[in-house]
Each structure stands twice: as structure tokens, then as C-alpha cells.
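Since the structure of chain Z is already known, use the hints to place chain X on it.
The primary structure of each chain is shown beneath.
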Amino acid sequence: MNEKVTVTLRKQKWEVEPGKSARQIIQELGLNPENYLTIRNGELVDDSVRMKAGDHLKLAAVISGGSHAA
Amino acid sequence: MPRKCRKCDQPAVINMRQHKLALCKEHFPGWILEQTARFIKKYQMFTREDRILVAVSGGKDSLALWDVLLELGYKADGLYLGLGIDEGARYSDTSREMVEAFAAQRSHARLHILDIEHVYGEGVPAVARRTHRGKGKPCSVCGLIKRHEMNRIAHELGYNVLATGHNLDDEVAVLFQNTLNWRVTYLARQQPTLPEGDGFARKVKPFCRFYERETAAYAIVKGIEYIEEECPFAVGATTIYYKELLNRLEADKPGSKLHFYLAFLRAQAEGLFSHVREEKVALHPCENCGQPTTSPGLCAFCRLWPEAVRSLPAEALRPIVFSL
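Top to bottom, those sequences are chains Z and X.
Going by the working numbering, the first sequence opens with residue 97, and the numbers climb by one from there.
Going by the working numbering, the second sequence opens with residue 285, and the numbers climb by one from there.
For reference, chain Z alone in the conformation it holds in the complex (with noise of 0.2 Å):
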């Protein structure tokens, strides 16, 4: 089992120690958490859970271009 937090944004992908919140997890890759949900596992949750080792956390981007009818 993997003893670490597996990270994905679209093709990025990172390893992370686990006992982090999402939230610190995301400020920690220099990145801005209004701009991400953050999904482990295949379920959102609220960016205050603690990933624990094994866990995948996929953060989705939320912001998009303004385009409303491609």
C-alpha cells in the first residue's frame, strides 16, 4: 500500500506526506484553494479533511474561461 497522498490536478500529478488537510495541501504546492474542490477518493469533501496514507486527492479546477455556450 501506498504510504503516501497521491495529488492530481488535470496532468499533474504529486506525492505528499499523509496527516495534512486538503487545505494545507493545496497552499503547500503554492497553489490557492478558492480555486479548487477537492475530491478523495472519488467523493468531495469539505478542504479541512486530513488525507490519510493511500488516499487519493484529486483537486478540481473550478475556474473557467467564460465561455457559456461552446
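Hint data in this document are derived by calculation from the structure and do not stem from the laboratory.
Glycine included, C-beta positions come from ideal geometry on N, C-alpha and C.
Be a bit skeptical, because a hint or two may be false.
To give a feel for the contact side, a few chain Z residues facing chain X, derived at Cβ under 7 Å [to be verified]:
(1) ASN128
(2) ASN131
(3) LEU133
(4) SER144
(5) VAL145
Some chain Z residues near chain X, calculated using beta-carbon distances under 7 Å [as the list claims (entries may be wrong)]:
(6) LEU127
(7) LEU140
(8) ASP142
(9) ASP151
(10) VAL158
(11) SER160
(12) GLY161
Covered, in the sense of this in silico footprint (three residues per stretch, anywhere, with C-beta under 8 Å from a C-beta of chain Z), are these stretches of chain X [as the list claims (entries may be wrong)]:
(13) 292-302
(14) 335-347
(15) 472-486
Using the frame of chain Z, we list chain X on its own:
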């Protein structure tokens, strides 16, 4: 400790710091419905008697909006415009698949589809290259084509209301840009509801007070699949830059974006731009399509196309109705 829902003891899925409100996956969708219903009433957007056409792109905002309006029991049909954007990413094809999948799962959802490339012979990027409008970026051509076709189709199919999924982040980014440049004529007409008249359908933005993260969260919680990739032409767009900038402010001062927008609407209602509104621009019908325009002769949309395309028969311009 992870945050709990304000209404029950379940874990929250979203914390809306500007409202000091955290909600779980059971209570959050209901809150979105209640708030949308409140905004529709407050800004006099439409009633149950109106026929609403929702502009759907395959993105989170428009699909979430269509879902919410259907959940609230409104007569709301979808309009998808295929813009022919590929750029190696199948952007338009993927977005159309998302919209069709959404409609296919809802038997009461009626979806109209118009493929610009199929009907007019060229997609947005090709038109932008040929006409040199927008200086290499097709966003200006794209906006022009969408506005014209949405209004034309709404009128021809008998819809009196056009609803778009613009959220508060969209509105605040535009507001910020127009304030920086002090474009008072644009500021005067930035409203949640633009009344119909002079050949234009009523335009409404029922999500104008939701943060972008809330519309995305609604789509995720409701299991609505949407296109996550950005339009390839939006990369580096000024709007995105402003949104990131404003989110930095929001991270430090929660509620800043909402306050900026609501204070603007209040100032507008109190008459800050009333002198601008009085200067009514003269409109007349385009000599080709009949849509309202300020320019003499042809409207900006009709000027994009060669004569042979402009004279296409009306039946060639009708959208198709999606069916399984």
C-alpha cells in the same frame, strides 16, 4: 476535525466562507435550489409561464443551471451551439457529448443543437482566421456568433427568455475589468436581468450570485458530468487572470467578491449610471437577417459571411432536436 454540515451532523462537502455556511452532500443541492429560486424572484427573471432557453456548453455552470431549472419545475429547454473548436483536443465534440449525455438522462429535457460549421460551412476558428477579427484570438468572433445565434433561435422557436450560466466570478471579473477601464456604458448594462425589447429576448443569469466553486460542487454532488478542460483559446485569457487575482483577495478576505458585486448592483439601482442609460442607441433590423443592429445595412454577424452563405434558406438554419 473536519467541518460538519450546519443543518445536520454529517461531514460538510463545501464551506462557503462568505456566508459562514458549511453544508453536506444532502443539504447543499437543496440550498442551491432555494437560493436560485430566490434570485429568480428578486431580479424578476421569469415566471412559470415563460418559455426559457438555456444556453448549454457542456461546462459545469450551464449544465448545473439547466438541472436546477428543471428541478424547480420551469419550462426550460437547452440550446447547444457547436462552434467547431478542435485544436487537437476535440473540445467541441467532447462538450457536445456531455450535453447530449445530460439530455439523454432526463426524459423531460428538450435539447436543440445547431452546428455552426455544418450550417454555415465554417467553424469559429476558421471564421476568425478569414476575417482577422480578434487579431488571432477567435474569442471575439465566438461571442458575436453565440449572441446572434442564441437570440435568433430563441426568437424563431418562440422562447422569450434566454438563460446563461454566468456565475458570480464571471460577473465580478467583467465588473473588475470594466471598472479598471471605467467603461460606464458597459457598467450601466451589467445586470442579472436584461429586459426583452427591440428584437432581443430577455437575458437572465440565475447563477449570478453563486461562486464558481459552488456551481462546480453542485455538478459534482449531483453526478453531472461536465467538460473540465478549458476552451483551448481561453488559455491566458484576461478573464482568467482577473479571476485568479480576485480569488487571491477572496482567500485573504472572504466575501470580497460577493460584496463587490452586491455593492455595485446597489449603486446601479440607486442611479449611479442613470445618465448613461438615458442615451438610447438607435437600432434597426439587419437588411439580411432582420436581427436588431446599430450598424447600417448588415449586422456584424451577417458581415462575417460571404453572400452565398447569407442567403441560406430559413430551413437550413433551423437547429435539430436531440433524440436518442
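Hints, one by one, checked against the model:
Hint status for Z:ASN128: holds, given a least beta-carbon distance of 5 Å to chain X, under 7 Å. Interface hint status for Z:ASN131: upheld, as the beta-carbon distance to the closest one in chain X is roughly 6 Å, under 7 Å. Interface restraint check: Z:LEU133 against chain X, minimum CB-CB distance 6 Å, threshold 7 Å, status holds. Checking Z:SER144 against chain X by beta carbon gives a least distance of about 5 Å; that is within 7 Å, so the hint holds.
Proximity of Z:VAL145 to chain X holds as hinted, the smallest CB-CB distance being about 5 Å (cut-off 7 Å). With a least beta-carbon distance of about 10 Å to chain X, the hint placing Z:LEU127 at the interface is violated under the 7 Å criterion. For Z:LEU140, the suggested interface contact is upheld, since its CB lies about 5 Å from the closest CB of chain X, less than 7 Å. With a cut of 7 Å, the hint placing Z:ASP142 at the interface with chain X holds, because the nearest CB-to-CB distance is about 4 Å.
Because the smallest distance between the Cβ of Z:ASP151 and any Cβ of chain X comes to about 13 Å, over 7 Å, the interface hint for this residue is violated. A hinted interface residue such as Z:VAL158 counts as satisfied when its beta carbon comes closer than 7 Å to some beta carbon of chain X; here the least separation is about 4 Å, so the hint holds. Proximity of Z:SER160 to chain X holds as hinted, the smallest CB-CB distance being about 6 Å (cut-off 7 Å). Checking Z:GLY161 against chain X: minimum C-beta separation of about 3 Å stays under 7 Å; hint holds.
Note: the region 292-302 of chain X has 5 residues with beta-carbon separation from chain Z under 8 Å; the three-residue rule is met and the coverage holds. Under a criterion of three residues with beta carbons nearer than 8 Å to beta carbons of chain Z, the stated coverage of the region 335-347 of chain X is upheld, 8 such residues being counted. Taking a C-beta to C-beta cut-off of 8 Å, the region 472-486 of chain X contributes 0 residues in contact with chain Z, too few for the three needed, and the coverage statement is violated.
Comparing the model with each earlier hint shows violations of hints 6, 9 and 15; every other hint is respected.
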